[in-house]
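Asker: Chain by chain, the residues run as shown.
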Amino acid sequence: MSAVLPTQRTEIQKSARRSQWRTYGLAYGMLLPAVVIIGLLFGGGMVLAFLQSIGAIGILGAGNISLSAYQAALSNPEFIRSLGLSLYIAIVATGASTILSIALAMALRKAGRWASVACQITLPIPHLVGIAGILLLLSPSGLISRLFYAIGLIQSDQDFPLLVNDSANVGVLLHFLWKEIPFMTLILLAVLRGINPAYEMQARALGASPWQCFWNVTLPMMKSGILSSSLIVFGYIFSSFEVPFLLGSTRPRTLPVLVYRAFTDSDLTRRPEAIALGIILSILSILIIVAYSWVISRDRQSESGV
Amino acid sequence: MKNIKNLLLILITVVLFLPFLPLLIWSFAKGWYFPQLIPEQWTLQHWIQLLLPTTRVVEGLLQSLAIAFMTTLLSLLVGLPAGRAIGLMEFPGKAALKLFLLTPIIVSPLATLMGIQFVLIRLGLNGTIPGVILVHLMPTIPYMTLVLASVFANFDPSYEIQARSLGASPMQVFSQVTLPLIAPGLVVGALFAFLISWNEFLLTFFVGAGRVFTLPMVLFTLLQGGNNGLIAAVAITSVIPGLLFLLVSSKALQNEVTLGGLGNV
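Protein chains in written order, with my numbering: chain A, 88 to 393; chain B, 1324 to 1588.
So that you can see chain B by itself, here it is in the shape it has in the complex:
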């Protein structure tokens, strides 16, 4: 029984890894023509190309990182009180407000985007990084709120009351009692916010108006061409930051309370 489970796990891992195999080969391949199973010649040229300003990969990488970090920080600031209110407090209209906060991740942003663009143009934010960060908050705030609401639903506020009664200042209570207790939720919420912003193409495409150039824009443009080697190298590059973040937060993801929130819409 145990062996079957391990076999199943290995099988899943192999299937999930399968799309990366051609990416890895292509990124080092020189003229890999059908029906060659393995390229005859290997090269580093695609990886060197990434560094050239003409491919705009470095530019895209830096803009993506800046946008993802700012989006994550802002959605943490907004999602923390919202998650606490939904997870810990009872008030009229709670279910409706929760569902309302969720609409951006279920309803297509396409129609909304055209209205938002109308306003951003007038505010002078269309085609700017702050404008892009603003629209990235639409899908990230719901995830952040959901995860933190679930963490706060399992949070015992009497620890805070006790710390207060023992003379701790509100700031001390937050940093020494609340923060350590909700840390796994913060990490998972931040991971989702970062990944969503990092992944986002359509919102950036419309609001960025061609002037904000993120990594997904580089990849989307390349995918409509045919340079498989460069596509593969950019694709692998796009995976690295998220993978690093996942490694750091892997332990927090094991905490059933943090992910359980997504199963409790």
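Same shape as in the complex, but just chain A:
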């Protein structure tokens, strides 16, 4: 066995480092098109929107840089109520979807292929089609109301409870549940099927009750799948426009509807305010992602710390 000379050793280390950097370079190169497109469109769009909102660039001419648009946006009496409504809808719809999807995924776990097929039904349905269906189903002259009349539950369409464009946004919530529960269940079914059943069998063999087994073994293994899918659903609902616009209450309006209204206002001087509102909406969503990644990284740390 010949000894490796120190100079040879550094050569080997150098070439190993070179090949590692080549791998990194390759990976970055492969990610480049996606990162550039998202960076330019999304990141660039955000920066330009911000510059417009402070008056650095704009349709009404560049010049006076000020935060007056933000002042106007935040002092808009509707702002706080809209924010509250947006949060209410997103939290209730995401929370209910998450809990029901977990239950449904557990119930359908061993139900075979048909369970996934059933959950796929609403996947290709555009939101606007769902909105049309819900309107014609739940409005005072909708199908359910006619059904209630036919069996004598109500005497006229006036007696039917207001479920669309109502102050509690029941129609909006029902639409999101109808659309998002199958989507989440589909993801959670895939997560469940990827879990090694040996852990659960072992827990059961060691005397855990079905509930203990679910709470202490299955649920922790599903945790990252639950967090990811609920993040996607929450982000979607929080920034959704069409559903609250067409099915929701008219006052207060959700934040995206408020932004849309301000932006399409015939008064062009309201543009900076609309953009400022949009920026505030984006910052809130980004804060949600930051909080999410903080939870995830803390989780992974505590896992690797064990």
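Just so you know, these hints were derived from the structure itself, not from any lab.
Each hint should be verified, as a subset may be incorrect.
In silico lysine-lysine, DSBU-like type, Cα no more than 35 Å apart, as pairs [claimed, not checked]: (1) B:1325 <-> A:310; (2) A:101 <-> B:1421; (3) B:1421 <-> A:197; (4) B:1574 <-> B:1421; (5) B:1328 <-> A:197; (6) A:197 <-> A:101; (7) A:197 <-> B:1353; (8) A:310 <-> B:1328; (9) A:101 <-> B:1328; (10) B:1325 <-> A:197.
These numbers come from a predicted model, not from an experiment.
Fit chain B to the given chain A structure using the hints.
Answerer: Relative to chain A, chain B alone:
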């Protein structure tokens, strides 16, 4: 136990189908007034109306299809290498880059859109189909990347190395080894990209500036009116392409690896 599960499945299917029931009835109904449970007269007039140029349904359908196909193709081209890098390789900043690629599907596009519009106007792309395709890439690339990253995370690159060492060209390796192995992921990624583009209203509305007229624009405009029969016929038409795509890709959707990616952000 098995019966309860089947009952549950039937119940879910019925509830999920419920909003389609009034759509189906309305699309064939003539003057369906409250409190009639079933229309007294049936008609094909709403379906015939779809073909008239005044309703702009055919125009919207064709533009939607063109945009969705181009968006799907481009996001496949961009998402394939990105998904491979995230799924198969280790490099510094991977988690941050992954989260960054995900922002467009979690952060509202409303503010971004106003900045993008500013640029597209100057580039002459505002109100054009290429401009709309470009902004549709924002939500489709993240889904495509996520699904493919998950597929590549379960992909064994030694098959490729073996094929190479047996004398296959890089092109042959890709078409005969890699492609068949990642096919379910490609199909599911393409399905999501197609559906998102097909579904998209707000991005098209702003960037299309009224000149790009997709099916969601037709439906959105109709929904603010009150012609329920026509709304129903257009709504059902809007479902067909996605449903066909779903039927083709249903088998790939059963593959837990492809959807598992969405559970692993």
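Asker: So which of the earlier hints does this model not fit?
Answerer: Result: hints 6, 7, 9 break, sorted rising.
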